[in-house]
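S.K.: Starting from the two chains in their separate frames, assemble the complex, guided by the hints.
The primary structure of each chain is shown beneath.
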Amino acid sequence: MAESPRISPIYPPDWDADVYDALSVIPHARDNVLATFKPGTPGILGTNLLCTQLRHPALAKAFLAFNAHHFYASTLEARVREILILRIGWLLRAEYEYIAHVSLGKKAGLSDAELANIQRGPDAPGWDPLDADLLRAVDELHEEARIGDATYTRLSVHFDARQLLDLVAIVGCYGMLAMVLNTFRVQLEPGAEPLDPASRARMANRSTTLLTT
Amino acid sequence: MKNESAPRIAPLLPSAWDEGILDGLGAFPQGLEFVLSRWKAGGVDARGMHVLGVMALHPPLAKAFLTFNAHVAGASTLSVRVRELAILRISWLRRGEYEFVQHVILGLRAGLSAAEIERVQLGPDAAGWDPADADLLRAVDELNADACIGDATWERLGRRFDIAQKLDLVFLVGCYEVLAMAIKSFRIQLEPGVAPLDAAVMARMYGGQVSG
Chain A
1 MAESPRISPI YPPDWDADVY DALSVIPHAR DNVLATFKPG TPGILGTNLL CTQLRHPALA
61 KAFLAFNAHH FYASTLEARV REILILRIGW LLRAEYEYIA HVSLGKKAGL SDAELANIQR
121 GPDAPGWDPL DADLLRAVDE LHEEARIGDA TYTRLSVHFD ARQLLDLVAI VGCYGMLAMV
181 LNTFRVQLEP GAEPLDPASR ARMANRSTTL LTT
Chain B
1001 MKNESAPRIA PLLPSAWDEG ILDGLGAFPQ GLEFVLSRWK AGGVDARGMH VLGVMALHPP
1061 LAKAFLTFNA HVAGASTLSV RVRELAILRI SWLRRGEYEF VQHVILGLRA GLSAAEIERV
1121 QLGPDAAGWD PADADLLRAV DELNADACIG DATWERLGRR FDIAQKLDLV FLVGCYEVLA
1181 MAIKSFRIQL EPGVAPLDAA VMARMYGGQV SG
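Going down the list, the protein sequences come from chains A and B. First residue of the first sequence: 1, per the numbering used here; consecutive thereafter. First residue of the second sequence: 1001, per the numbering used here; consecutive thereafter.
The following block holds chain B by itself, in its conformation from the complex (with noise of 0.2 Å):
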């Protein structure tokens, strides 16, 4: 078993971000800004560094990317706690921590309690949602599952979402499961400053529980 917390792919810093990398990372200027005020601050809590970092190797892919991963975090017709609850959860079910970090900070400030949050772990059949929020959660689910929303939640997500939201859903879905997948492939580590998960919620990702 190789060292979980070496990177398989080693992220460029800021530091070596030339013009053409910084011309592809921009397609995502919030997440560059962020990255770029935290490193010229000394470096601490710099989230989504590493994985600009090992994006800034490719810069057309990085480029095409970001502009993709832009609208769904910016853009999208879907209200940022929705999306926030989206993300959170498919990141849980694909045991992407490095995403589940960054987006239980961005879910809090979205308005989601840390009673929700706990509780996305859990799944949509657990105690305390609200039927829309479980059906949010469901979809996810199904999405992870099967590929595709199935005939009940489709029909009770259709009374609350029209067809740009419902599209941005599927998509958002669809652009953090890339992201889980680019993470975990190449072992992008949090960067330094960044609290891990606790080691009960890190069990209990890999514990297998994918459902309430």
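Bound conformation, chain A alone (with noise of 0.2 Å):
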């Protein structure tokens, strides 16, 4: 991660009517923001993230709306979201993404072995085949911008017709994200732990499975 944003967050002394009404779709985000942060040392994971995006708050709250659908309203569960968010965020190497979803991937209940494990792809030993299948469908969209047959065919029988749209539907937000982390230079808040050394180099240089399509 580069040392410093290409634009600059928009932090809550600075917050106006068009900004709060952009959060009003996010209500927990913001209440945790706003408990978090103080002025030249902002808060939680997240903060700098979220108050980029609100530069421009009619987008800010359109996307918002979106990405508050996956937390609030996706008929996945949390693990299964959060196995989705950290393999899109390694591939796409946001490391921001990565290290705020370790966090809630833990409190989702994915353990210290499978959390390293989604480093490695769905061909590490040790996954369950679901969710090796979960991690694939990451790698297709990610190189084909489609599930393959096979792994939707085992996949449909897990999943219903909702459950595939809300898959794909996260896999392409947090895809999204990620650009924008990156673009965007979106920098990790101070006091944050950045990715321990071993992972970072592995990130820069991770590989998706060899497709079979």
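Hints may contain errors.
Estimated spans, in silico, between C-beta atoms of each pair [unchecked claim]:
1. B/Ala1203 with A/His158: 31 to 41 Å
2. B/Leu1108 with A/Asp18: 47 to 57 Å
3. A/Ala73 with B/Ala1075: 22 to 32 Å
4. B/Gly1043 with A/Ala198: 50 to 60 Å
5. B/Gly1026 with A/Arg120: 41 to 51 Å
6. B/Arg1109 with A/Asp128: 26 to 36 Å
7. B/Ala1114 with A/Asp14: 40 to 50 Å
8. A/Ser8 with B/Gly1026: 28 to 38 Å
9. B/Gly1020 with A/Ala78: 21 to 31 Å
10. A/Pro190 with B/Leu1108: 42 to 52 Å
11. B/Ala1016 with A/Val157: 21 to 31 Å
12. A/Pro194 with B/Asp1198: 20 to 30 Å
13. A/Lys106 with B/Ala1200: 31 to 41 Å
14. A/Asp31 with B/Asp1023: 26 to 36 Å
In short, the hints are calculated from the structure, not lab data. Using N, Cα and C, we set each Cβ at its ideal position, and we do this for glycine too.
M.R.: Printed below as a string of structure tokens:
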């Protein structure tokens, strides 16, 4: 992660009515940022990403409505969502996103071994077959913008149409956030622990599985 | 190999759209009104109907996504011409025939020439681009390849676009990438009466030419 943002976030002291209007669609994030922000020391992880989007309140309000769906109304359980987000964040080398979701993934019940295995991908030994297919779907969406036949067929056994729609949408949403984080060089908040050097080197050299379609 | 022309999730047709579905799809009023008007006129060339028909299976997601899509397609700070160039390029790179076909029509309406639309397929280094248009395509290519706009392109884009426009650009590319993933994963088919890409263009799309 380079050391300075390409556009600066807009923090709570500078929030105006348009910003508060945008944040009305994501009240828990607004409240968390407000509760932890102190001038000079931006608070919790997520603050800088949110406050970067808020440079354009109309866009932020529209996008956050889509983003909020995934944690307020998704038909997928939290553990599944975090596996998908961690894998796309990893593939797109979005350190900020990956770090934030390691913490959320642990809360959703992912073990340290599973978190490490997400870096290695669907063919790493030890995966439950359904978890491996979730990772495979992310890899295929990343590579080919579609889930391959074999993976889709197996996922359809476990997930209904609404869940499959939520699956593709969440990968797309967090892939988009990875592009935002990387392009605008959104910085980790002071005090947030960056990725360990070994993981960072692996992320820089990460690869997806070879596709068979 | 399964039949590529069979959808993996069958769209609900407008006759089955109830109040809850219409509330979800209504988050993008222009899209919904267009499809409904074509449906009432006999259902031919109702571009977008199958995408809305699949989203209709999950109204809360439809409402959330289409709220976002309505912004990037309507309220964006980018000109329509810039938006259509970027959408055409990401659709091309992601091999999204359905989107590409639709945005050839919208691109022509936004003032792109047939030659420019042809050149979008060749990418930023093709001869004939205005430098600003070339950088726009380059930004899309870099987002697709690296999930990040590179330094040189970023610096030049900054002479043309302000912060809101740069945010709108990245989110626009992201929005149409989500659509490409959904359309291709669920094998959403072109609507009756919508002409597919011609065979030569389709072959080029799948030939892996991602830059000029």
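S.K.: Take a look at whether the Cβ-Cβ distance between B/Ala1114 and A/Asp14 falls inside 40 to 50 Å.
M.R.: holds (47 Å)
S.K.: Confirm or reject the claim that A/Asp31 and B/Asp1023 have a C-beta distance inside 26 to 36 Å.
M.R.: Holds, at about 27 Å.
S.K.: Is 42 to 52 Å right for how far apart the beta carbons of A/Pro190 and B/Leu1108 are?
M.R.: holds (50 Å)
S.K.: Is the hinted range of 26 to 36 Å satisfied by the C-beta distance from B/Arg1109 to A/Asp128?
M.R.: Because 50 Å falls outside the window, the suggested range is violated.
S.K.: Given a hint of 28 to 38 Å, does the C-beta separation of A/Ser8 and B/Gly1026 actually sit inside it?
M.R.: Check passed, 36 Å falls within 28 to 38 Å.
S.K.: So does B/Gly1020 sit 21 to 31 Å from A/Ala78, Cβ to Cβ?
M.R.: holds (25 Å)
S.K.: Could you tell me whether the CB distance from B/Leu1108 to A/Asp18 stays inside 47 to 57 Å?
M.R.: About 35 Å separates the Cβ atoms of B/Leu1108 and A/Asp18, which means 47 to 57 Å is violated.
S.K.: Given the hint of 41 to 51 Å, check if B/Gly1026 and A/Arg120 actually sit that far apart at their C-beta atoms.
M.R.: 44 Å Cβ-Cβ, so the 41 to 51 Å window holds.
S.K.: Does the Cβ distance between B/Ala1203 and A/His158 fall inside 31 to 41 Å?
M.R.: Since B/Ala1203 and A/His158 have Cβ atoms about 36 Å apart, the given range 31 to 41 Å holds.
S.K.: 50 to 60 Å was suggested as the range; check whether the CB atoms of B/Gly1043 and A/Ala198 agree with it.
M.R.: This hint holds: roughly 58 Å between Cβ atoms.
S.K.: Check the following: the C-beta atoms of A/Lys106 and B/Ala1200 are separated by a distance inside 31 to 41 Å.
M.R.: violated (52 Å)
S.K.: Holds or violated: 20 to 30 Å for the Cβ distance of A/Pro194 and B/Asp1198?
M.R.: Between A/Pro194 and B/Asp1198, where Cβ atoms are some 50 Å apart, the hint is violated.
The structure shown violates the earlier hints numbered 2, 6, 12 and 13.
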